[in-house]
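S.K.: Could you slot chain R onto chain Y? The hints should help.
Protein chains: 2
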Amino acid sequence: MTGSNLPFAFEVLKTHGRARAGIFHTPHGSIPTPVFAPVGTQATVKAVPPRELHEIGASLVLSNTYHLHLRPGDELVREMGGLHTFMAWDGPILTDSGGFQVFSLAKISKIDADGVTFRSHIDGSIHRFTPEISMRIQENLGADIIMAFDQCPVPTDRGIVEGAVERTIAWARRCRDAHADDSVQALFGINQGGIFDDLRARSAKALLDLDCPGYAIGGLAVGESKPEMYRTLDFTLPLLPDNKPRYLMGVGAADDLAEAIVRGIDIFDCVLPTRIARHGSALTPDGVVNMRKLQHAHDDRPVDPECDCYGCRTFSRAYLRHLVKANELLGHTLLSVHNIRFLIRHVERMRQAIFDETLDDYVSAFLQRFLQTA
Amino acid sequence: MTGSNLPFAFEVLKTHGRARAGIFHTPHGSIPTPVFAPVGTQATVKAVPPRELHEIGASLVLSNTYHLHLRPGDELVREMGGLHTFMAWDGPILTDSGGFQVFSLAKISKIDADGVTFRSHIDGSIHRFTPEISMRIQENLGADIIMAFDQCPVPTDRGIVEGAVERTIAWARRCRDAHADDSVQALFGINQGGIFDDLRARSAKALLDLDCPGYAIGGLAVGESKPEMYRTLDFTLPLLPDNKPRYLMGVGAADDLAEAIVRGIDIFDCVLPTRIARHGSALTPDGVVNMRKLQHAHDDRPVDPECDCYGCRTFSRAYLRHLVKANELLGHTLLSVHNIRFLIRHVERMRQAIFDETLDDYVSAFLQRFLQTA
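Protein chains in written order, with numbering that gives the first Met the number 0: chain Y, 0 to 373; chain R, 0 to 373.
Excised from the complex, chain Y in its bound form (with noise of 0.2 Å):
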């Protein structure tokens, strides 16, 4: 079960049920998966140094195609040395399509068969965006993995859904064309189709003709219920090949990285665990806890006294509160790196319990405890 595209080798090492723990191989580094990645918007994970990024065990970041078009833009990062040298990241980075940015954020003045006119959410300039172009945005940043350009609608709108998976699988093949090298960026095609099984299973199809060394499950946490999600989950993975790395995009709650792994996923995104901390919330085994609420004002233990990041090695949720009360920076960066580390350390274990065969034991009693269903 070895992927065969050096450097992006992908081992998967163990199954436990649909479950797999593997490695992926890049120039930047091994990431064993199943990998949270935390998501550095505009080249830095908000708050967060990366040497901290290190240290809480992070061994992939995510960073966007739109925003750092848009600022500082992509030549100028090509010509600081690229991603990783620009943001001094030397592990793992994905990047994205900067198609779900183009039709969430910006303001669309025109989309086609051949790809978007839209206006900059920063200053209203426009820009146009297709396959050809976001793959030499992507080439310009450097990072390790890249997307396919793709569009994301509206995941229950069949109409909408139809057309934009016909539309992501014929920019996917112009950005195959596009890429030619895929032995210094891996480029992964995107899944879409909705809650729809037959979009999904035509997408699967059409993007397993391009042998792609990894593919992405897109469309999903953007509106649909959760059993809807786990349900296109169950249907769609058994779609895409054993061999490659599966990636679940935009996803980050606890309990869907639980459900998602169980079902075989081996890569998330989010800015889940970097918003919550700057809204002052915190991720613990009890669930997310609100650090501006009275009850921590005396309270001298740590956020989450399971947790070894350094927030929780060092500071009371009574010193926790008083920075988010008092609008403190530090009181985001401490939360941030908290958050990154709860997630990171809940995939670390799901993943040794696959090697143990114990997953669906850890699963059960995480879910129970952090949905507070006991």
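Don't read these hints as lab results, they were simulated from the structure. Some clues are possibly wrong.
Claimed, not checked - Covered by chain R, per the in silico footprint, the following chain Y stretches (three or more residues, Cβ under 8 Å): (1) 307-320; (2) 329-341.
Claimed, not checked - Short derived list, chain R residues pointing at chain Y, Cβ under 7 Å: (3) Gln41; (4) Gly81; (5) Phe85; (6) Thr313; (7) Tyr318; (8) Asn326; (9) Leu328; (10) Leu329.
For glycine and all other residues, C-beta sits at the position ideal for the given N, C-alpha and C.
M.R.: Relative to the frame of chain Y, chain R by itself:
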């Protein structure tokens, strides 16, 4: 020349002109002097974790009585083990008296011989500070060095300064009486008097009677010109005992540190390095650099090629400019750490130059380059 108040012994190890290199012992460690103390107003040096303060050689941190009394409350800090435990800074801490903030930040409702009644700048609630209350709050906070409650007036209005000097003397005596034990916390007196020699002398004489373990000069760098400040230091410093540390409050401009160390100051604090960092400015040997400027966009050199801080060892000016332009929190952290390190190293070099008897050469070369007066 060793002060007698154990554990707060102050040793002058070397003098060079009026400048002194020494060491000030405290229950939480010994402070090499001269020293620059970064300010952690709300029990956190803004955007900088305490372990990074250790890394850049910080040996003393200042925190604010006024802010901590209002939020989270000094009783709570005491309950959580005191300020050292609360903010996880195990080195020496100095708290100010609250006097400066009461007169600059709060809305005063009543000032009388006994104290000040004021409204919180946070929620408008009514509070009262007296010398005794300031002592009780600072004892709750538990800093190593605490300050007498003072009135810091506009330094050039003689009538107002005169009243403030008398009030500050009376309040210092009451602080002395309220704070019995200098073996746990060293109570410093504050010299006031604006730019008026006779008032500075009157203030100094009265404070000497209290035999404080250290003396601060307050009411400078608050509106008077730099020559007026330097002249006031020239006059006032010889009035203070040689064998006690001398603290110039709220001064942190790199040129002022040099001018004041030459004149015999041992301790400084200022929000300047962290405040200008949040505005995107960096301290460099060539002056203050605005990182927003286009000239840095393609510059692959560090912010300060001569600096040894994490940011300067790791990132380019181009990246820092991007972070600042994109309003990323990491930019605040990296520039704050750099700017504090710049001032600490500047002071470290002057300390070494005192031992080497090369202080004048260092200072004139530094000022010429920093102030661009070549």
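S.K.: Taking 7 Å as the limit, does the beta-carbon of Asn326(R) come near enough to a beta-carbon in chain Y?
M.R.: Not OK, violated: Asn326(R) not within 7 Å of chain Y, min 9 Å.
S.K.: Taking 7 Å as the limit, does the beta-carbon of Leu329(R) come near enough to a beta-carbon in chain Y?
M.R.: holds (5 Å)
S.K.: When I compare C-beta atoms, does the stretch 307-320 of chain Y have three or more residues closer than 8 Å to chain R?
M.R.: holds (count 7)
S.K.: Against chain R, does the stretch 329-341 of chain Y show at least 3 residues with beta-carbon separation below 8 Å?
M.R.: holds (count 4)
S.K.: Take the shortest C-beta to C-beta distance between Leu328(R) and chain Y; is it under 7 Å?
M.R.: Nearest chain Y Cβ about 4 Å off; hint holds.
S.K.: Should the hint that Tyr318(R) touches chain Y count as held when the rule is a Cβ pair under 7 Å?
M.R.: holds (6 Å)
S.K.: For the restraint on Thr313(R), tell me whether the closest CB of chain Y is nearer than 7 Å.
M.R.: holds (5 Å)
S.K.: Against chain Y, with CB atoms and a cut of 7 Å, does the hint on Gln41(R) hold up?
M.R.: Interface hint status for Gln41(R): holds (5 Å vs cutoff 7 Å).
S.K.: With a cut-off of 7 Å on the beta carbons, see whether Gly81(R) makes it to chain Y.
M.R.: violated (12 Å)
S.K.: Restraint: Phe85(R) near chain Y, CB-CB cut 7 Å. Satisfied or not?
M.R.: Cβ of Phe85(R) sits 6 Å from chain Y, so the hint holds.
Figure legend: structure checked against the earlier numbered hints; hints not met, in rising order: 4, 8.
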